[in-house]
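Number of protein chains: 2
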Amino acid sequence: MTQDASEQEVNARANEKARRRKEVRDRMLAGKTIEKGLLMVHTGKGKGKTTAAMGLVMRAIGNGMRVGIVQYVKGKWQTGERAVLERFPEQVTIRTMGEGFTWETQDRARDIRAAQAAWATSREMIEACRGPTPRYDLLVFDEINIVLRYEYLPLDEIIAVLRARPPQLHVVATGRNAKPELIAIADLVTDMTMIKHPFQAGVKAQKGVEF
Amino acid sequence: MTQDASEQEVNARANEKARRRKEVRDRMLAGKTIEKGLLMVHTGKGKGKTTAAMGLVMRAIGNGMRVGIVQYVKGKWQTGERAVLERFPEQVTIRTMGEGFTWETQDRARDIRAAQAAWATSREMIEACRGPTPRYDLLVFDEINIVLRYEYLPLDEIIAVLRARPPQLHVVATGRNAKPELIAIADLVTDMTMIKHPFQAGVKAQKGVEF
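Just so you know, the protein sequences line up as chains A and B, in that order.
Numbered as in the working numbering, the first sequence ends at 1357 without a single skipped number.
Numbered as in the working numbering, the second sequence ends at 1357 without a single skipped number.
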């Protein structure tokens, strides 16, 4: 057998396998018929929770959707994303309620007030999506998991409001240590698991990557 | 003790704990002094690998950086992101070499040619970053892990080229099943772990979320 013939055989076998895989996948997708607003949770210790939410925002903007973002705790960091989002003022609304990372503020009473204000804004955004002309298609509650972890907000109320949101509304909640009650009502949960982090090798946070 | 007094005490204790945490963190960060281009890998079965890379692109754009993107296999999906990225033509270059997911093409020989073309483009982009006026600050090789997994490209060569890249250049490689050899030379590796997926509940892929 020449090498070409053998390569042709490898290709033929691979193509047949791909055809069967596609068949299975098409059948699987045909069974997925429900369209609804998703509650998505990005949690875990790894990088990418907020970054993936920003990627979703970008995709939504590109699809002509309208997006509301509430930054619960790390507003001052995200200069890069903000500069881009500000180019789409008709599509994107950003509210920054936090004062930076909680380990920088060292004022629990102020943090609680900031969290309450952020939640009040989040509720308003959810309410603005009822009726025939919903204000947003996607809401991002960035780092809400952290303030829920610290018990700065009433978890029961938040779960109830998220469950009762308009059915077409997509919501992304980010932050480490997502509450089990939130995971229970979510449609999609991803744990960003840290395998390797540059801090381990003495590399500092850098513009364009970390902030 | 009145409730206010008790609340004040809780706050005082929390603030003292936050102060100590900040001290530890500041000390940790002070030890991180290296600035260098990072090789970042987004892998795992969960959502968010490409999406987080797109979030990094957004952050980089906002910081005035220049970005090159090579889509190895799923070019036709990302209509949303592309619409946004096309608004920043001076900063973003996108090359789409793939023909969609490999389980849709069913043509191994064509897939290999597409992978080779994508890698040739990736190498050119890396080379364009040498010298006093580097063309890009960040390169995204989207889904390169998949073609490495299928052994469509010579892994040794790719590892060697990535290791020998200009020192200031950031690179993101995405896709499931990242090769151990790639993880070994990476600075940051995140595994997007699927905890819950809407397909499990019969929900279909939706515009603005999945594509």
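Hints should not be assumed to be uniformly reliable.
Given that identical chains are not distinguished, each listed pair holds provided it fits within a single copy or across any two copies.
[To be verified] As a list, the in silico DSS-like pairs of lysine-lysine whose alpha-carbon atoms are at most 25 Å apart: (1) 1163 with 1191; (2) 1163 with 1182; (3) 1325 with 1353; (4) 1342 with 1163; (5) 1191 with 1325; (6) 1353 with 1163; (7) 1191 with 1342; (8) 1325 with 1163; (9) 1191 with 1168; (10) 1168 with 1342; (11) 1182 with 1342; (12) 1353 with 1182; (13) 1168 with 1353; (14) 1353 with 1342; (15) 1353 with 1191; (16) 1325 with 1182.
Hints in this document: simulated from the structure, not taken from any laboratory.
No experiment lies behind these values; they were computed from the predicted model shown.
Checked hints:
no., hint, result
1, 1163 with 1191, "between (37 Å within a copy, 21 Å between copies)"
2, 1163 with 1182, "neither (33 Å within a copy, 42 Å between copies)"
3, 1325 with 1353, "neither (31 Å within a copy, 28 Å between copies)"
4, 1342 with 1163, "neither (34 Å within a copy, 28 Å between copies)"
5, 1191 with 1325, "both (14 Å within a copy, 22 Å between copies)"
6, 1353 with 1163, "neither (44 Å within a copy, 29 Å between copies)"
7, 1191 with 1342, "both (11 Å within a copy, 17 Å between copies)"
8, 1325 with 1163, "between (41 Å within a copy, 22 Å between copies)"
9, 1191 with 1168, "between (34 Å within a copy, 18 Å between copies)"
10, 1168 with 1342, "between (34 Å within a copy, 23 Å between copies)"
11, 1182 with 1342, "between (35 Å within a copy, 16 Å between copies)"
12, 1353 with 1182, "between (37 Å within a copy, 11 Å between copies)"
13, 1168 with 1353, "between (42 Å within a copy, 21 Å between copies)"
14, 1353 with 1342, "within (19 Å within a copy, 32 Å between copies)"
15, 1353 with 1191, "within (21 Å within a copy, 28 Å between copies)"
16, 1325 with 1182, "within (23 Å within a copy, 36 Å between copies)"
This entry does not satisfy hints 2, 3, 4, 6, going by the numbered hints stated previously.
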